[in-house]
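Enquirer: Each chain, written out:
Protein chains: 2
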Amino acid sequence: MYKSPSNNNELDHLISLLGKIPGLGPRSARRAALGLIKKKDALMRPLANALADVAENVHPCAICGNLDVENPCHICTSTKRDRSLICVIEDVSDLWALERAGSYRGLYHIIGGTLSALDGVGPEDLNISGLVERASDPDLKEIIIATNATVDGQTTAHYITEQLKPFDVTVSRLAHGVPIGGELDYLDDGTLTTALNSRRPF
Amino acid sequence: MYKSPSNNNELDHLISLLGKIPGLGPRSARRAALGLIKKKDALMRPLANALADVAENVHPCAICGNLDVENPCHICTSTKRDRSLICVIEDVSDLWALERAGSYRGLYHIIGGTLSALDGVGPEDLNISGLVERASDPDLKEIIIATNATVDGQTTAHYITEQLKPFDVTVSRLAHGVPIGGELDYLDDGTLTTALNSRRPF
Numbered sequence: 025m026y027k028s029p030s031n032n033n034e035l036d037h038l039i040s041l042l043g044k045i046p047g048l049g050p051r052s053a054r055r056a057a058l059g060l061i062k063k064k065d066a067l068m069r070p071l072a073n074a075l076a077d078v079a080e081n082v083h084p085c086a087i088c089g090n091l092d093v094e095n096p097c098h099i100c101t102s103t104k105r106d107r108s109l110i111c112v113i114e115d116v117s118d119l120w121a122l123e124r125a126g127s128y129r130g131l132y133h134i135i136g137g138t139l140s141a142l143d144g145v146g147p148e149d150l151n152i153s154g155l156v157e158r159a160s161d162p163d164l165k166e167i168i169i170a171t172n173a174t175v176d177g178q179t180t181a182h183y184i185t186e187q188l189k190p191f192d193v194t195v196s197r198l199a200h201g202v203p204i205g206g207e208l209d210y211l212d213d214g215t216l217t218t219a220l221n222s223r224r225p226f
Numbered sequence: 025m026y027k028s029p030s031n032n033n034e035l036d037h038l039i040s041l042l043g044k045i046p047g048l049g050p051r052s053a054r055r056a057a058l059g060l061i062k063k064k065d066a067l068m069r070p071l072a073n074a075l076a077d078v079a080e081n082v083h084p085c086a087i088c089g090n091l092d093v094e095n096p097c098h099i100c101t102s103t104k105r106d107r108s109l110i111c112v113i114e115d116v117s118d119l120w121a122l123e124r125a126g127s128y129r130g131l132y133h134i135i136g137g138t139l140s141a142l143d144g145v146g147p148e149d150l151n152i153s154g155l156v157e158r159a160s161d162p163d164l165k166e167i168i169i170a171t172n173a174t175v176d177g178q179t180t181a182h183y184i185t186e187q188l189k190p191f192d193v194t195v196s197r198l199a200h201g202v203p204i205g206g207e208l209d210y211l212d213d214g215t216l217t218t219a220l221n222s223r224r225p226f
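These protein sequence lines are chains L and S, in that order.
Residue numbers for the first sequence follow the working numbering, beginning at 25 and rising by one.
Residue numbers for the second sequence follow the working numbering, beginning at 25 and rising by one.
Watch out, some of these pointers could steer you wrong.
To be verified - Here are the simulated DSS-like cross-link-like pairs (lysine-lysine), alpha carbons at most 27 Å apart as the crow flies:
hint, chain 1, residue 1, chain 2, residue 2
1, S, Lys165, L, Lys63
2, S, Lys44, L, Lys63
3, S, Lys189, L, Lys63
4, S, Lys64, S, Lys44
5, S, Lys165, S, Lys189
6, S, Lys189, L, Lys64
7, L, Lys63, L, Lys44
8, S, Lys44, L, Lys64
To be verified - Per the computed footprint, the stretches of chain S lying under chain L, defined by three or more beta-carbons under 8 Å from a beta-carbon of chain L, are:
hint, region
9, 69 to 77
10, 110 to 122
11, 136 to 145
12, 155 to 163
13, 188 to 201
14, 214 to 220
Hints are computed from structural coordinates only; laboratory data are not their basis.
Note that the coordinates shown come from a computational prediction; the quantities given were computed from them, not determined experimentally.
Every residue, glycine too, gets a C-beta built ideally from N, C-alpha and C.
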């Protein structure tokens, strides 16, 4: 039987909501609630305001799916980005990862997940139609498919490639191989085999 | 160099605040922010309201230190609790743990931490004076010291015992031994030694 941790409705409600945050479970939610109450002015009230603020003002971009206060987002409207390149990614976190790396200056397209027969996710559940629309843009030269290197991610990449065949646009994917700083001994067989087969002259 | 994860002030601010919650780091804060945005109405807005509500209405009880919307708290004012017993604990989470166990029906006293020479925590930083005041209550028969079984917790327990010596009240502490469901093979030497020395007849 689940017992109310604090016998206090306000606190119990907060703890149950905190426990639904990805990364926090019931026990860490209790710890988080106590930690927040100890820092009411430095953390708890600012966090309440920031949550309400983001819920109100941050929306997905109608073109690429990026989260921003503007719509279209600052990447889609930027004059400094290379508009001949679109990088297709699963989620906003992948966009953040690529932006942190800082080496990509093109546009993005977030499809919002992967095809998955097990989870019942079909092409109509992902934003693939929007990508196909963007593919007819005459300025566009290349679409880089950067879905994750998982089975579902690769399936999705193949499906998208098929959809993009009618268009006059290069479709490429990220290179697979040994991660920078990676030790061979710790790599799985699949990565090692791919790295060997894709070897390049010095 | 720390790079802004989203190039978006509102979101970055939220992520930096989420990262300060005990149990969440920078990476899990980004994941939490995305998870929250995906559930704006089911989770994000209710969480913002719950945080503001608890920050406004939940306060430490002036007698025992428990967190409640009432002051004194519902345990201190309850007529169903045994007012001859006070259990001394370090933190509110310990009170919740004892209430979940459901076998204790006395009152509580939260001292708010442990004495610690390393962290510079002295008796004046803990709510020990409040406990000494409560010890003179003629209804009180026993004080159970339930600080954690750590070095600092035990030091604090000894200090409190000293302070309570002038009063006509029994001072006891929780039993140490083998946890229920525990296997001897996995227990540390200290616990095993204590369990052996404190053995009891069947």
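Enquirer: Could you run down the list of hints and mark each one as holding or not?
Expert: Verification of the hints:
no. : hint                  : in the structure
1   : S:Lys165 <-> L:Lys63  : 36 Å, violated
2   : S:Lys44 <-> L:Lys63   : 10 Å, holds
3   : S:Lys189 <-> L:Lys63  : 35 Å, violated
4   : S:Lys64 <-> S:Lys44   : 21 Å, holds
5   : S:Lys165 <-> S:Lys189 : 13 Å, holds
6   : S:Lys189 <-> L:Lys64  : 37 Å, violated
7   : L:Lys63 <-> L:Lys44   : 21 Å, holds
8   : S:Lys44 <-> L:Lys64   : 12 Å, holds
9   : 69 to 77              : holds (count 9)
10  : 110 to 122            : holds (count 4)
11  : 136 to 145            : violated (count 0)
12  : 155 to 163            : violated (count 0)
13  : 188 to 201            : violated (count 0)
14  : 214 to 220            : violated (count 0)
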